[in-house]
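Chemist: Below are the chains, spelled out letter by letter.
2 protein chains.
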Amino acid sequence: MMKEYRLMSKEELLSLKEDLDRQYEQVKACGLKLDMSRGKPAADQLDLSMGMMDVLNSEAELKCETGVDCRNYGVIDGIPEAKRLLGEMSEVDPDQIIIYGNSSLNVMFDSIARSMTHGVMGHTPWMKLDKVKFLCPVPGYDRHFKITEYFGIEMINVPMSEDGPDMDMVEELVSTDPSVKGIWCVPKYSNPQGYTYSRQTVDRFARLKPAAPDFRIYWDNAYSIHHLYDDNQDFLEEILHECAKAGNPDIVYKFTSTSKVSFPGSGIAAVAASQNNLEDFRRYMRIQTIGHDKVNQLRHVRFFKDLDGLHEHMRKHARLIRPKFELVLNTLDTELGGLGIGSWTHPHGGYFISFDSMDGCAKAIVAKAKEAGVVLTEAGATFPYGKDPRDSNIRIAPTFPTLEELGKAVEIFVLCVKLASVEKLLKD
Amino acid sequence: MMKEYRLMSKEELLSLKEDLDRQYEQVKACGLKLDMSRGKPAADQLDLSMGMMDVLNSEAELKCETGVDCRNYGVIDGIPEAKRLLGEMSEVDPDQIIIYGNSSLNVMFDSIARSMTHGVMGHTPWMKLDKVKFLCPVPGYDRHFKITEYFGIEMINVPMSEDGPDMDMVEELVSTDPSVKGIWCVPKYSNPQGYTYSRQTVDRFARLKPAAPDFRIYWDNAYSIHHLYDDNQDFLEEILHECAKAGNPDIVYKFTSTSKVSFPGSGIAAVAASQNNLEDFRRYMRIQTIGHDKVNQLRHVRFFKDLDGLHEHMRKHARLIRPKFELVLNTLDTELGGLGIGSWTHPHGGYFISFDSMDGCAKAIVAKAKEAGVVLTEAGATFPYGKDPRDSNIRIAPTFPTLEELGKAVEIFVLCVKLASVEKLLKD
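These protein sequence lines map, in sequence, to chains A and H. To convert, note that position 304 of the first sequence is 856 in my numbering; the numbers rise steadily by one, no gaps. To convert, note that position 195 of the second sequence is 747 in my numbering; the numbers rise steadily by one, no gaps.
Hints were generated in silico from the structure; no laboratory data involved. Being a predicted model, the structure only gives us computed values, none of them experimental. Some hints here could point you the wrong way.
Stated by the list, open to error - Only pairs whose alpha carbons sit at most 16 Å apart, straight line, appear in this in silico EDC-like list of lysine to aspartate or glutamate:
{"hint": "1", "chain 1": "H", "residue 1": "K680", "chain 2": "H", "residue 2": "D718"}
{"hint": "2", "chain 1": "A", "residue 1": "K698", "chain 2": "A", "residue 2": "E556"}
{"hint": "3", "chain 1": "A", "residue 1": "K976", "chain 2": "A", "residue 2": "D682"}
{"hint": "4", "chain 1": "H", "residue 1": "K580", "chain 2": "H", "residue 2": "D943"}
{"hint": "5", "chain 1": "H", "residue 1": "K939", "chain 2": "H", "residue 2": "E706"}
{"hint": "6", "chain 1": "A", "residue 1": "K939", "chain 2": "A", "residue 2": "D596"}
{"hint": "7", "chain 1": "A", "residue 1": "K680", "chain 2": "H", "residue 2": "E957"}
{"hint": "8", "chain 1": "H", "residue 1": "K615", "chain 2": "A", "residue 2": "E701"}
{"hint": "9", "chain 1": "A", "residue 1": "K615", "chain 2": "H", "residue 2": "D599"}
{"hint": "10", "chain 1": "H", "residue 1": "K680", "chain 2": "A", "residue 2": "E930"}
{"hint": "11", "chain 1": "A", "residue 1": "K615", "chain 2": "H", "residue 2": "D943"}
{"hint": "12", "chain 1": "A", "residue 1": "K960", "chain 2": "A", "residue 2": "E887"}
{"hint": "13", "chain 1": "H", "residue 1": "K976", "chain 2": "H", "residue 2": "E564"}
{"hint": "14", "chain 1": "H", "residue 1": "K915", "chain 2": "H", "residue 2": "E957"}
{"hint": "15", "chain 1": "A", "residue 1": "K922", "chain 2": "A", "residue 2": "E963"}
{"hint": "16", "chain 1": "H", "residue 1": "K685", "chain 2": "H", "residue 2": "D766"}
{"hint": "17", "chain 1": "H", "residue 1": "K915", "chain 2": "H", "residue 2": "E633"}
{"hint": "18", "chain 1": "H", "residue 1": "K615", "chain 2": "A", "residue 2": "E923"}
Claimed, not checked - Chain H stretches covered by chain A per the calculated footprint, using a threshold of three residues with CB under 8 Å from any CB of chain A:
{"hint": "19", "segment": "583–593"}
{"hint": "20", "segment": "605–611"}
{"hint": "21", "segment": "807–817"}
{"hint": "22", "segment": "936–949"}
Note that CB positions come from ideal geometry on N, CA and C, so glycine has one too.
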């Protein structure tokens, strides 16, 4: 029954294709319209945070614990209770953190922009250098790559494994090439594979000996508490602590946010880093703004209270999205298992499943799905410059559609994988 | 009684100084602690917006009028109803506006940062040029000057009059020097003088013929609806319309925000500009962020509703701060009028009164006030690089203290002006 496509004769493939073509035409006739392109929480997940709209009403005390009126100007780097909450979430002390506005992506963008115009901790502004390079573990997060591309930074692909980036390659490039100024990392429940960097990987990051004194690890811990299971959670070593121990305290910026905890558009973001780095950030911030939205910081603290509150809340998210991940994975396992036309990850958290088709099929699969009404993240998006050298990686984002929609979407996806694979094999 | 200090004999001055010294020692002994350094609304002004905390509760519909869920990601440039509200406030169509986060200063900073790294509408990035200059009407807003200083942009002082900047000088510099890339303007109830640019000044701005195609007017309309009086309001011509009429549609960025309308830390900011400029902004924003806080945009729209709602609200602000302005002005008029040791503006709106001491006295006055417990904006802050060539301008910010505190603070200020002036005259 489950014969590998590669082992099929041309006749078998042609007959299979006829069957798949018929199914595909039927599916197209349904006129579906589903968007699975982005890692967005669904409406029922957002409903979990509606209590946040009530914790601050017109009777509420809007002073933070140091007595500052959160409604007014001031407090450049966050109110103390927000530093404590996001410090706990980031596993660092409150004084190792700065609180920002609603987007950690914006903070990362600003960090690159600042390095371009003013340099890192007194070093030459990157705009004044002939060449600046970033290492990009692939597949990775498209919006990271867009930032470095926008600033004309050359991106170098570094292959990912289940343990994290290829550290032999990272160490070699970082220690020998002074134009390598950074690396993009999503170290826990990585985007899109859902991998978590191993203890050894984190240790090797902490002990890097960069040729460039202004090299920084961009540690985007976006999914630190975004587990799918209570009993099957990944563990990530705390990088700041490891870097300090290794005598490398300034080597890392650690980003986090509540975007997929509270409301994606109205969360709070933070950076954890060494005092030297934080002061570098603050020098810029003091010119850039009079302060971020402290009322929203207070709103988050009053609603979540502490790390236990955050974890409790994340368990509610998990209850809603776990069935979606399992639906996708079950369908992939059942429908594609043993066919030799694709492989996929089985993450324990985060927002994505990574699918690898046969080489040269990803673009065709995404195009076919789109024609049948299912919009996936663009093929190639998980690689710098949108160029997947093998044209095989597809990011699946299961959270946004309803379970019912998702069921239809995955069936269409599976059909498109089969069809594109058969067509590819017939062409070769 | 009101003898000009300059006409006094040395003996008269010495006797006056003795008297003032005694008063000053008494005042110092009171151990006051008042901060008048920034243009901050007082707590009772912030209370005016507390209803905003109730308009969105957990039962509220959080979709904007196009059906987008404001809690989620997306909508890069603002929800339509927020564009309409801030469009009305800015006197432009909703499609001429982009809505940002909580700080228009941040938007201005980003505009300069973007011009440094990516240039203006396809022109050479300013970082690649040998020299970039900005014109700075003086006295002006210290945070504007800090931004251009931070990016190494050379600042050129342009004197202000009651009609706005010296337009002969502006026209000459802008039309002949291609390294002049911008000018900072607070065109209505200017910071710190409270002047409003005349119709002729605005017309001349609109008809500028810049030598640099990437020259932009940074039109910070921070106090557009911030009148002190119902019946004595300044009128400012709408610059975008005038520029378009003059065939200069792309020459201006117009900034606004609700910082001193709702909550300074939690308002919403906006830019109005030509479609070409807005697209230039959006290209950057699409990389920088997934979108600003739409829930807060919705909160503002639900609370203020429309321009009438904003005006009604601003009348409440005026009722609270008008007595403070009048207290300061009455004290200055009564205590310093006719002494020839200072002049001051009588604004009809905005947040400041500008005081000019005798040349060479401002630093001494601010230092003396500080010693007596009253913190004023640093002398020099109203000039680029913090350098007031005549050492005479002091920005008075009357809104933040209570009326009672303000009364004491102004008495101390007046005393310090007298004392510093006498000391100066005795030294000369």
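Chemist: For each hint, tell me whether it holds in the structure or not.
Modeler: Now the hints, each set against the structure:
Distance check on the hinted pair: K680 (chain H) and D718 (chain H) sit about 30 Å apart at the alpha-carbon level, beyond 16 Å; violated. The hinted pair formed by K698 (chain A) and E556 (chain A) fails the criterion: a straight-line CA distance of about 37 Å is larger than 16 Å. Restraint check for K976 (chain A) and D682 (chain A): the C-alpha separation of about 42 Å exceeds 16 Å, so the hint is violated. Restraint check for K580 (chain H) and D943 (chain H): the C-alpha separation of about 24 Å exceeds 16 Å, so the hint is violated.
Distance restraint check for K939 (chain H) and E706 (chain H): the Cα-Cα separation of roughly 14 Å lies within the 16 Å cut-off, and the hinted pair is therefore satisfied. The hinted pair formed by K939 (chain A) and D596 (chain A) fails the criterion: a straight-line CA distance of about 35 Å is larger than 16 Å. Distance hint between K680 (chain A) and E957 (chain H) is unfulfilled; the C-alpha atoms sit about 51 Å from each other, more than 16 Å. Between K615 (chain H) and E701 (chain A) the alpha-carbon distance is near 34 Å, which puts this suggested pair outside the 16 Å criterion.
For the proposed pair K615 (chain A) and D599 (chain H), the alpha carbon gap of about 13 Å is at most 16 Å, so the pair holds. About 34 Å separates the Cα atoms of K680 (chain H) and E930 (chain A), which puts this hinted pair outside 16 Å; it is violated. The straight-line distance between the Cα atoms of K615 (chain A) and D943 (chain H) is roughly 38 Å, outside the 16 Å bound, and the hint therefore fails. Of the supplied pair hints, the one linking K960 (chain A) and E887 (chain A) holds, its CA atoms being roughly 13 Å apart against a limit of 16 Å.
For the suggested pair K976 (chain H) and E564 (chain H), the alpha carbons sit about 14 Å apart, so the restraint of at most 16 Å is met. Taking the CA atoms of K915 (chain H) and E957 (chain H), the gap is near 22 Å; set against the 16 Å cutoff, the hint is violated. In summary, the hint linking K922 (chain A) to E963 (chain A) is supported, as the alpha carbons are separated by about 13 Å, within the 16 Å threshold. Our distance criterion of 16 Å between C-alpha atoms is met by K685 (chain H) and D766 (chain H), whose separation comes to about 12 Å.
The hinted pair formed by K915 (chain H) and E633 (chain H) fails the criterion: a straight-line CA distance of about 47 Å is larger than 16 Å. Of the supplied pair hints, the one linking K615 (chain H) and E923 (chain A) is violated, its CA atoms being roughly 29 Å apart against a limit of 16 Å. As drawn, the segment 583–593 of chain H meets chain A at 3 residues by the rule of a beta-carbon pair under 8 Å; at three or more, the given contact holds. Restraint check on the segment 605–611 of chain H versus chain A: 5 residues with Cβ-Cβ distances below 8 Å, three needed, restraint holds.
Taking a C-beta to C-beta cut-off of 8 Å, the segment 807–817 of chain H contributes 4 residues in contact with chain A, enough for the three needed, and the coverage statement holds. Given as covered by chain A, the segment 936–949 of chain H fails the check, having 0 residues with a CB less than 8 Å from a CB of that chain where 3 are the minimum.
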